[in-house]
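Peer 1: Chains as they are written, first to last, in our numbering: chain A, 1 to 210; chain B, 1 to 154.
Since the hints were made in silico from the structure, they are not lab data. No experiment lies behind these values; they were computed from the predicted model shown. By construction, the Cβ of each residue, glycine as well, lies at the ideal position given by its N, Cα and C atoms. There may be inaccurate statements among the hints.
Unchecked claim - Take a look, some chain B residues computed to stay more than 12 angstroms from chain A by CB distance:
{"no.": "1", "residue": "C3"}
{"no.": "2", "residue": "A106"}
{"no.": "3", "residue": "S113"}
As the list claims (entries may be wrong) - For the chain A half of the interface with chain B, some residues (derived, Cβ under 7 angstroms), not all of them:
{"no.": "4", "residue": "Y143"}
{"no.": "5", "residue": "H147"}
{"no.": "6", "residue": "L149"}
{"no.": "7", "residue": "L150"}
{"no.": "8", "residue": "S166"}
{"no.": "9", "residue": "R197"}
Stated by the list, open to error - Reference listing, derived: stretches of chain A covered by chain B, where coverage requires no fewer than 3 residues with Cβ under 8 angstroms from a Cβ of chain B:
{"no.": "10", "stretch": "131-141"}
{"no.": "11", "stretch": "159-165"}
{"no.": "12", "stretch": "199-205"}
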Amino acid sequence: MLGLRARSRAGWRLSAKPDEELIAEVLGGDTAAFTELAARHRPRVERLCRRFFSDEEMARDIAQESFIRAYTALATYRAEMPFGGWLRAIVVNLCYDELRRRRRRPEELVGDFSAPEVQWMQTANVASPEEIVGEAEQRREAYDLAHRLLDMLKPEDRTVMVLKESEDMSVSEIAQTLGWSEAKVKIRAFRARQALRKQAERMLATGRNR
Amino acid sequence: MNCFEARQEFSALWRKTATAERRAELLAHLKGCEKCDHAFRVFALTAPVLHGEMEQPEARVSRPARREFSLADRPRRFASVSRETSVQPNRWLAMSAAAAAIFIFAASTAYLSARTPDESLGEALSISDVNIDSETAADLLAPEIPLTENDLAS
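With the hints as constraints, model all of the structure from the sequences given.
Peer 2: And the structure:
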């Protein structure tokens, strides 16, 4: 039951045919079965990509590329791990590569905040926790500012943060997905949290002072 | 609820997956604990991306209709290796023609503006065969320098 709930929260949908059966059909030559497989996993994959990139088009492109890579490498898939986990590893590695490809990364938050952004920072300063949650859902600037904060992290740090915080993955799972040591994952997570806290404090101070 | 437990529940509060009881406990804790309240505000700045549902509201982005999976939809930025190279003959043809025209124009301009010299280099540099005495020699070499007192007086 717990597993079922976790699956449905993560965006999985129960379908008549399990993933493994669809994969067998694809490998047997029925390429249409992959369409169903992709449709089933697409919301989850796109959501993960959007945690890496604020650019909607970029997120969709990487999601699409992930499915193509999965399709071409499907013969190498082994049923020991769920297809969703295997696909997630492809997505994460593509996102990580794309982050690394972007050479320039802002070291500090640029101070030119728009009026709605300042308003959101003020809300984060003074509103009650429930109001903050409600406001964040309605405000595009909350989403944009969060991306700006995360954009300052190194690609390694950001990848670890997304996997740990958003995907609720354990250190060993992250290490396995990225091919890193567990120590490296822990160090990256620690540094990422420190950097984020520092910048978020500055952002809150900006909201207080305006 | 202690501070450690409270901070573990931030994500559940954001995702609205906390039970009513846990939620009430957390909110009560945040009211009474200044440090955790501040930590929640810091958390809230990245939570829209890290803990949000990430379903874009309609107002944020107008999304095109969802497509079914198709290999032909490979994004351009990833397609440099495997996508069939799309040669654009018209564009290359136009560029080649423009380059050729520029070359012909430059070559003919250079040809037409060049003149055959009337005299050789030696002739051009040599002094003509005239009677050179000391005065004219001085004039030739430095005509602006007065040489005599008369010159100075004049």
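Peer 1: Compare the structure with each hint and give your call.
Peer 2: Hints, verified against the model:
1. With 12 angstroms as the threshold on Cβ separation, the claim that C3/B sits away from chain A holds: the shortest Cβ distance comes to roughly 15 angstroms.
2. Listed as a non-interface residue, A106/B keeps its Cβ farther than 12 angstroms from every Cβ of chain A; the least gap is roughly 39 angstroms.
3. Annotated as non-interface, S113/B keeps its C-beta farther than 12 angstroms from every C-beta of chain A; the closest such distance is 48 angstroms.
4. The restraint placing Y143/A at the interface with chain B holds, with a minimum CB-CB distance near 5 angstroms, inside the 7 angstroms limit.
5. A hinted interface residue such as H147/A counts as satisfied when its beta carbon comes closer than 7 angstroms to some beta carbon of chain B; here the least separation is about 6 angstroms, so the hint holds.
6. The beta carbon of L149/A is positioned within 7 angstroms of a beta carbon in chain B (closest approach about 5 angstroms), and the interface hint is therefore held.
7. At a threshold of 7 angstroms, the smallest CB-CB gap from L150/A to chain B is about 6 angstroms, leaving the interface hint in force.
8. A hinted interface residue such as S166/A counts as satisfied when its beta carbon comes closer than 7 angstroms to some beta carbon of chain B; here the least separation is about 5 angstroms, so the hint holds.
9. Interface hint status for R197/A: upheld, as the beta-carbon distance to the closest one in chain B is roughly 6 angstroms, under 7 angstroms.
10. With 6 residues bearing a CB less than 8 angstroms from a CB of chain B, the stretch 131-141 of chain A meets the requirement of three and the coverage assertion stands.
11. With 3 residues bearing a CB less than 8 angstroms from a CB of chain B, the stretch 159-165 of chain A meets the requirement of three and the coverage assertion stands.
12. A stretch counts as covered by a chain when three or more of its residues have a beta carbon under 8 angstroms from one of that chain; for the stretch 199-205 of chain A and chain B the count is 4, and the coverage holds.
The structure meets every hint from the earlier list without exception.
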